[in-house]
Amino acid sequence: MATFDLLVRGGLVFDGTGAPGRTVDVGIRGGNVVAMAPDLPTADADRVIDADGKWVIPGMVDVHTHYDAEVLVSPGLGESVRHGVTSVIYGNCSMSAVYADPEDVADLFARVEALPWDAVHSALKEHKDWDGPRGYRKVIESLPLGANVATLIGHSDIRAAVMGLARATDYDERPTAGELARMRAMVTDALDAGFVGLSTDRLRFSKLEGTRFAGRQLPSTYATWREYGALYDVVRRRGAVVQSNLDVEKRPETIMHFLLSGARPWRRSLKTTLLAAFDLKSNRSVIKLLKAATGGLNPLLRSQVNFQLLAVPFHLYSDGMDLVIFEEFASGTAALDIRDQLQRVDLIKDEGYRRKFRKEMAQKYGVVAWNRDMYDTEIVGCPDESVVGKSFGQVADARGVQPVDAFLDLVSEYPGKVRWHTTIANDRTDVLNEAVKYRHFQLGNNDSGAHLRNMSFYNAGLRLLKRVKEAGEAGTPFMSLEAAVHRLTGELGEWYGLDAGRLRIGDTADIAVIDPAGLDDSLDEYHEQYMEEFGVSRQVCRNDNAIASTIVGGQQVYSYGTFVEGFGSTVKAGRFLAAS
Numbered sequence: 004m005a006t007f008d009l010l011v012r013g014g015l016v017f018d019g020t021g022a023p024g025r026t027v028d029v030g031i032r033g034g035n036v037v038a039m040a041p042d043l044p045t046a047d048a049d050r051v052i053d054a055d056g057k058w059v060i061p062g063m064v065d066v067h068t069h070y071d072a073e074v075l076v077s078p079g080l081g082e083s084v085r086h087g088v089t090s091v092i093y094g095n096c097s098m099s100a101v102y103a104d105p106e107d108v109a110d111l112f113a114r115v116e117a118l119p120w121d122a123v124h125s126a127l128k129e130h131k132d133w134d135g136p137r138g139y140r141k142v143i144e145s146l147p148l149g150a151n152v153a154t155l156i157g158h159s160d161i162r163a164a165v166m167g168l169a170r171a172t173d174y175d176e177r178p179t180a181g182e183l184a185r186m187r188a189m190v191t192d193a194l195d196a197g198f199v200g201l202s203t204d205r206l207r208f209s210k211l212e213g214t215r216f217a218g219r220q221l222p223s224t225y226a227t228w229r230e231y232g233a234l235y236d237v238v239r240r241r242g243a244v245v246q247s248n249l250d251v252e253k254r255p256e257t258i259m260h261f262l263l264s265g266a267r268p269w270r271r272s273l274k275t276t277l278l279a280a281f282d283l284k285s286n287r288s289v290i291k292l293l294k295a296a297t298g299g300l301n302p303l304l305r306s307q308v309n310f311q312l313l314a315v316p317f318h319l320y321s322d323g324m325d326l327v328i329f330e331e332f333a334s335g336t337a338a339l340d341i342r343d344q345l346q347r348v349d350l351i352k353d354e355g356y357r358r359k360f361r362k363e364m365a366q367k368y369g370v371v372a373w374n375r376d377m378y379d380t381e382i383v384g385c386p387d388e389s390v391v392g393k394s395f396g397q398v399a400d401a402r403g404v405q406p407v408d409a410f411l412d413l414v415s416e417y418p419g420k421v422r423w424h425t426t427i428a429n430d431r432t433d434v435l436n437e438a439v440k441y442r443h444f445q446l447g448n449n450d451s452g453a454h455l456r457n458m459s460f461y462n463a464g465l466r467l468l469k470r471v472k473e474a475g476e477a478g479t480p481f482m483s484l485e486a487a488v489h490r491l492t493g494e495l496g497e498w499y500g501l502d503a504g505r506l507r508i509g510d511t512a513d514i515a516v517i518d519p520a521g522l523d524d525s526l527d528e529y530h531e532q533y534m535e536e537f538g539v540s541r542q543v544c545r546n547d548n549a550i551a552s553t554i555v556g557g558q559q560v561y562s563y564g565t566f567v568e569g570f571g572s573t574v575k576a577g578r579f580l581a582a583s
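The sequence shown lines up with residues 4 to 583 when you count with our numbering.
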């Protein structure tokens, strides 16, 4: 009998603790790492992966995904696995698919996460045969997972199931004492089943889809701080995690997250991760203020609050107006409330509507995540090819109209067929490189599995490693390679209480073998990938040369653009990660 099922030979190995890399072989048997030493005998291995000249790191951990529906119909989660991610957390932003019925779940996810309503509904309708978190976990564990999965329980999911979606999205309604007790019990049941924690949502332009309550906010946004506190108390007692975000319309309430997280003589602190830290083009002070808040309030209040930071530039794509940033102002929301493209065109052509849209686009106060600069855009697709490659501002100059009118003219003339791009944040490399080192910023907010036509950042980890590599080679290092690996792996696994992100003897063999020669500019290139399961094409950034091997549970499942036969169908490599 061979000593090793798999031997990863000759790579520069980083263990995910922040320790420098060392050139050793990694021996794997029974899904675990059983040996790490130079020159392990290849004759004692069933299979050998030659990692000479490669980096061998723990599989990366993606803590902010929305795979809740996709995992049911495409359990390989290949778009993450191909980028060296071996563990993901979903159930973020108050949305999970555990308690609410399929129609409610589809209403929760479709608009805010830009997922097809029919696809989400069909996935739940076909696969939901569980009753509560334990049953849900059993279903997930039965799937041929390609990556390890962990999940939060979503507050909107719970609230819709307990109060009904109509009452849960009405400011005049509050849960009764009995309903609140039931919600607390549901959180407890989820934590008992190994869920990571609870997710909530304060962002008021997170809206519902569907035919019943379209345009209303997510249920979690209607809760009072008393309700949050009652649920957070359950999470705190268990040492679990809360994920939430800020109500950007009520910025002073940010202090509430720190107060609820803070320790007292009678209670422990509450791990809290918030969305999001951005170097916004529209407000360059935001990232400085978040650093000051976390650096000052965490020690003062004995809180554990961090902000998730996207480690790459925040690029957005949109087909016409189908983009969440238009929810920032009333006229944008009014257009998005109309799902029929032809009816939306009628609205956009109305001069009264256009006056309001122009006025609101010009506002630079209040909720402005996007700088709304029509010269800071690029049209990447349009039936009128003469405008492709230009900004809406340039089109306006050529036509002698206002930039906003050029935008509205094009999206009404070619409904759903004008694809354009902008960057709203993280465009200053020096500022971003400093931010990725800050201890109260957690690397996350990738949104993998969501925003299929707008924004998601499956390969953000690889793109960070590329910047680290290039800066070192240029003699201008901003971060060591071992520190970057730690931030993407072990730091995250430890913070969330997961068996993930470490590469030591005895650890589960979840490994990414990275070919540094493949960390090139092609990582930033835009591609379209057709999702047969959802019947749509999603945008991705990818290349096939950066990941030499992805190993999950001791099985090599991916190498240089090719998945192992049976991946996501007959090969079961990943597992449900229960939080400890």
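Calculated from the structure, these hints are not laboratory results. Keep in mind that the hints are not guaranteed to be accurate.
As the list claims (entries may be wrong) - SDA-like cross-link-like pairs, simulated, lysine to any residue; straight-line CA separation at most 20 Å:
| no. | residue 1 | residue 2 |
| --- | --- | --- |
| 1 | 440 | 483 |
| 2 | 128 | 146 |
| 3 | 253 | 207 |
| 4 | 440 | 23 |
| 5 | 393 | 318 |
*Output the numbers, in ascending order, of every earlier hint that fails for this structure.*
none
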